[in-house]
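Protein chains: 4
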Amino acid sequence: MTKLDKLIKHFECFPGIGGRQARRFAFHILTLQQAEASELADLITNLRGEVVECIGCRRFFARNGSQSTQCRICDDFNRDQSKLLVVERDSDIDAIERGGSYDGLYFVLGGTLPLLNSKEQAKLRGNGLKRRVEEKMLSGLSEVILGFAVNPDGENTARYVETLLQDWPKKLTVTHLGRGLSTGSELEYADPDTIKNALENRS
Amino acid sequence: MTKLDKLIKHFECFPGIGGRQARRFAFHILTLQQAEASELADLITNLRGEVVECIGCRRFFARNGSQSTQCRICDDFNRDQSKLLVVERDSDIDAIERGGSYDGLYFVLGGTLPLLNSKEQAKLRGNGLKRRVEEKMLSGLSEVILGFAVNPDGENTARYVETLLQDWPKKLTVTHLGRGLSTGSELEYADPDTIKNALENRS
Amino acid sequence: MTKLDKLIKHFECFPGIGGRQARRFAFHILTLQQAEASELADLITNLRGEVVECIGCRRFFARNGSQSTQCRICDDFNRDQSKLLVVERDSDIDAIERGGSYDGLYFVLGGTLPLLNSKEQAKLRGNGLKRRVEEKMLSGLSEVILGFAVNPDGENTARYVETLLQDWPKKLTVTHLGRGLSTGSELEYADPDTIKNALENRS
Amino acid sequence: MTKLDKLIKHFECFPGIGGRQARRFAFHILTLQQAEASELADLITNLRGEVVECIGCRRFFARNGSQSTQCRICDDFNRDQSKLLVVERDSDIDAIERGGSYDGLYFVLGGTLPLLNSKEQAKLRGNGLKRRVEEKMLSGLSEVILGFAVNPDGENTARYVETLLQDWPKKLTVTHLGRGLSTGSELEYADPDTIKNALENRS
Chain B
0 MTKLDKLIKH FECFPGIGGR QARRFAFHIL TLQQAEASEL ADLITNLRGE
50 VVECIGCRRF FARNGSQSTQ CRICDDFNRD QSKLLVVERD SDIDAIERGG
100 SYDGLYFVLG GTLPLLNSKE QAKLRGNGLK RRVEEKMLSG LSEVILGFAV
150 NPDGENTARY VETLLQDWPK KLTVTHLGRG LSTGSELEYA DPDTIKNALE
200 NRS
Chain X
0 MTKLDKLIKH FECFPGIGGR QARRFAFHIL TLQQAEASEL ADLITNLRGE
50 VVECIGCRRF FARNGSQSTQ CRICDDFNRD QSKLLVVERD SDIDAIERGG
100 SYDGLYFVLG GTLPLLNSKE QAKLRGNGLK RRVEEKMLSG LSEVILGFAV
150 NPDGENTARY VETLLQDWPK KLTVTHLGRG LSTGSELEYA DPDTIKNALE
200 NRS
Chain U
0 MTKLDKLIKH FECFPGIGGR QARRFAFHIL TLQQAEASEL ADLITNLRGE
50 VVECIGCRRF FARNGSQSTQ CRICDDFNRD QSKLLVVERD SDIDAIERGG
100 SYDGLYFVLG GTLPLLNSKE QAKLRGNGLK RRVEEKMLSG LSEVILGFAV
150 NPDGENTARY VETLLQDWPK KLTVTHLGRG LSTGSELEYA DPDTIKNALE
200 NRS
Chain S
0 MTKLDKLIKH FECFPGIGGR QARRFAFHIL TLQQAEASEL ADLITNLRGE
50 VVECIGCRRF FARNGSQSTQ CRICDDFNRD QSKLLVVERD SDIDAIERGG
100 SYDGLYFVLG GTLPLLNSKE QAKLRGNGLK RRVEEKMLSG LSEVILGFAV
150 NPDGENTARY VETLLQDWPK KLTVTHLGRG LSTGSELEYA DPDTIKNALE
200 NRS
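Sequence lines, in order, name chains B, X, U and S.
Heads up, the first sequence is in numbering that gives the first Met the number 0, so the first residue is 0 and it goes up one at a time.
Heads up, the second sequence is in numbering that gives the first Met the number 0, so the first residue is 0 and it goes up one at a time.
Heads up, the third sequence is in numbering that gives the first Met the number 0, so the first residue is 0 and it goes up one at a time.
Heads up, the fourth sequence is in numbering that gives the first Met the number 0, so the first residue is 0 and it goes up one at a time.
Hints were generated in silico from the structure; no laboratory data involved.
If you're wondering where the values come from, they're calculated on a predicted model, not measured in any experiment.
Treat the hints with care, as some may be off.
All copies of an identical chain are treated as equivalent in the list; a pair is satisfied when it fits inside any one copy or across any two copies.
Result set (DSSO-like, lysine-lysine): computed pairs, CA atoms no more than 30 Å apart in a straight line [what the hints assert, rightly or not]:
| # | residue 1 | residue 2 |
| --- | --- | --- |
| 1 | Lys195 | Lys135 |
| 2 | Lys2 | Lys122 |
| 3 | Lys122 | Lys5 |
| 4 | Lys8 | Lys118 |
| 5 | Lys135 | Lys5 |
| 6 | Lys195 | Lys129 |
| 7 | Lys8 | Lys122 |
| 8 | Lys8 | Lys135 |
| 9 | Lys118 | Lys135 |
| 10 | Lys170 | Lys135 |
| 11 | Lys5 | Lys118 |
| 12 | Lys135 | Lys122 |
| 13 | Lys129 | Lys118 |
| 14 | Lys170 | Lys5 |
Bound-form chain B, shown alone (with noise of 0.2 Å):
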């Protein structure tokens, strides 16, 4: 395999990068002067000595030359310690914080559980996020809050994340988020198990 095609390859596996968009990205490339190519080369090579995973939800942050080990989220002691929302990907915190409707932690699990390839059960989280609620139940966590997407992956990384809290004391309770009409529904063109679920979940 030549270098081109292995860039491509590389570029494949960025976010919702197909074959073609992979191949102009590598055409990209090639356009940039020597200078900005190595620029580019050293950030991908040197962010993690700026950003750091947080020891704590395990999100990524700059820090921005403080030593903290913390990010901003998990450093505060205002918010609510009591409750731990895990999430797939650190872009769903960012999503949720522009909301400013929740208040307490978080935690990354760093994936999802495909309903038909458990091997990627080793890239998850599982272990971190145990260590995690064990350390913030002793600072009052009451609540593990399961943020997944609601799909099939999605349904059975919640699963398996219960499986993993389900021996822990009384005191735990593993939540889901609501499942009903999201903003703009109309009854009309609304799917079955959105329809079940705002029927079940009415209030």
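Mind docking chains X, U and S on chain B? Use the hints.
For chains X, U and S alone, kept in the frame of chain B given last:
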């Protein structure tokens, strides 16, 4: 205004049809054989002879020769008589029945109450709903479920129906369909209100 | 079949309308006041009294009280009488006139000849076109331009019209609209046929 | 600016990538193993050692161990040496070659000349094109075909190249790719310019 323009205006009132498509419909009418055009006109004029409004839920149903004044659902006493789901349109009922997760009764309000146009209120079957609720409470109705779209007009309609039913004897509960993540939702792409509802309605 | 089902079938023949929307149209009819439904039915039945088919180009036009049997375009002797553009539908003429770059005459064939359904041929105005061409050659017609869609049915229709006109005296030229890159095209995303045409028709 | 922000800026320069996806790419980099990140960085830095710019058409090609300074197309004397097709990007050549309807030579200009930013001119290979044309006229080049996008920037680029080549000895012809209806076009939905071009380029 010419007949052509008038016909286009009529077609522009068809659900989901804009000016350009209304014009194409009018041209389509011109290409029909005279016999086809007459049959279509005849069906439009006489549809109500055959399809009647159910005196219970107010949806339209084909009589099919019977003399019943109630639709199949309102006629079926095996359905749960304690619940009444209020919807905007007939087609909402179709969608819910396809899902098969609801076993109670329905009422078609006949539209929504737009936020900025309170005159529309006269077109809704508010009084009809009050009478239906009163009537059904005699046979065990205890809950009215509001099933409107999750948008400003839908919310306004819900407030209107709540007001209508607010001075009711205590045993009537008014509920709303559950809000939250619908099938296929991913947190990263969810809007703030949906995230808020999903968090509030966690279980 | 009930009247409701028959009406839905009629609506399914409307251009661009599928089963679900046809059903919504039928429900819409049921919500009309009797007077509105009657007016709509009346317009459908009587539209042809007012809108007539031009005896020249065969498009529909609103008579507006006049007794003319020809449309405004066919009636206008300032237009270039040497060119006749054959199109599928009335709405094609609207689009071309909006553009303002054509000054000749038109003929509406009334549809396309599908590749796999030669029976459709009977529905097209093939003989009408022949007569119109013959007639117009007396007043200087020298070119028939074929303006069908660039797809298999459009191409098949072009072959059919060419055959119709092939035994004509030599002074009649049959041309096709130019093929190539359309507005907004980028080579990278163009299909092979478009690239081929763009190369062949370079100038 | 942090390294993270700088990296996001780099990704925002990738073709077709906006701020949100650039951010996701940066997070993707953070999830790579150190070895993967290093390989990616290495490929970005060293791609040019292997992939070189053809001295003829200026596209990039993988050398595959050979010492050739020209790509497969420029090296192939069975191709028609009388035509040179000037395109914006390498990927345009890929698209044309897939179609198989062109047998001449190419030249990659390296971009377009935006209508409102004449400074971009310095980035284009205008002088390179002049030299290539001069060179190739010795071996029979007689036509330069301009193959730019059908949009304002593409048109402006065509004018720029025409000016570049205008004082050439008479035997050089500059042509443009044909404009008109592209595959799938229907007259009814075509824009006025496309209709105009289709009418002008009829044949």
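Okay, the hints, checked on the actual structure:
no.	hint	verdict
1	Lys195 to Lys135	between (35 Å within a copy, 24 Å between copies)
2	Lys2 to Lys122	both (27 Å within a copy, 26 Å between copies)
3	Lys122 to Lys5	both (23 Å within a copy, 28 Å between copies)
4	Lys8 to Lys118	within (22 Å within a copy, 35 Å between copies)
5	Lys135 to Lys5	neither (43 Å within a copy, 35 Å between copies)
6	Lys195 to Lys129	between (32 Å within a copy, 26 Å between copies)
7	Lys8 to Lys122	both (20 Å within a copy, 29 Å between copies)
8	Lys8 to Lys135	neither (40 Å within a copy, 37 Å between copies)
9	Lys118 to Lys135	within (28 Å within a copy, 56 Å between copies)
10	Lys170 to Lys135	within (13 Å within a copy, 44 Å between copies)
11	Lys5 to Lys118	within (25 Å within a copy, 35 Å between copies)
12	Lys135 to Lys122	within (23 Å within a copy, 56 Å between copies)
13	Lys129 to Lys118	within (19 Å within a copy, 58 Å between copies)
14	Lys170 to Lys5	neither (51 Å within a copy, 45 Å between copies)
Comparing the model with each earlier hint shows violations of hints 5, 8, 14; every other hint is respected.
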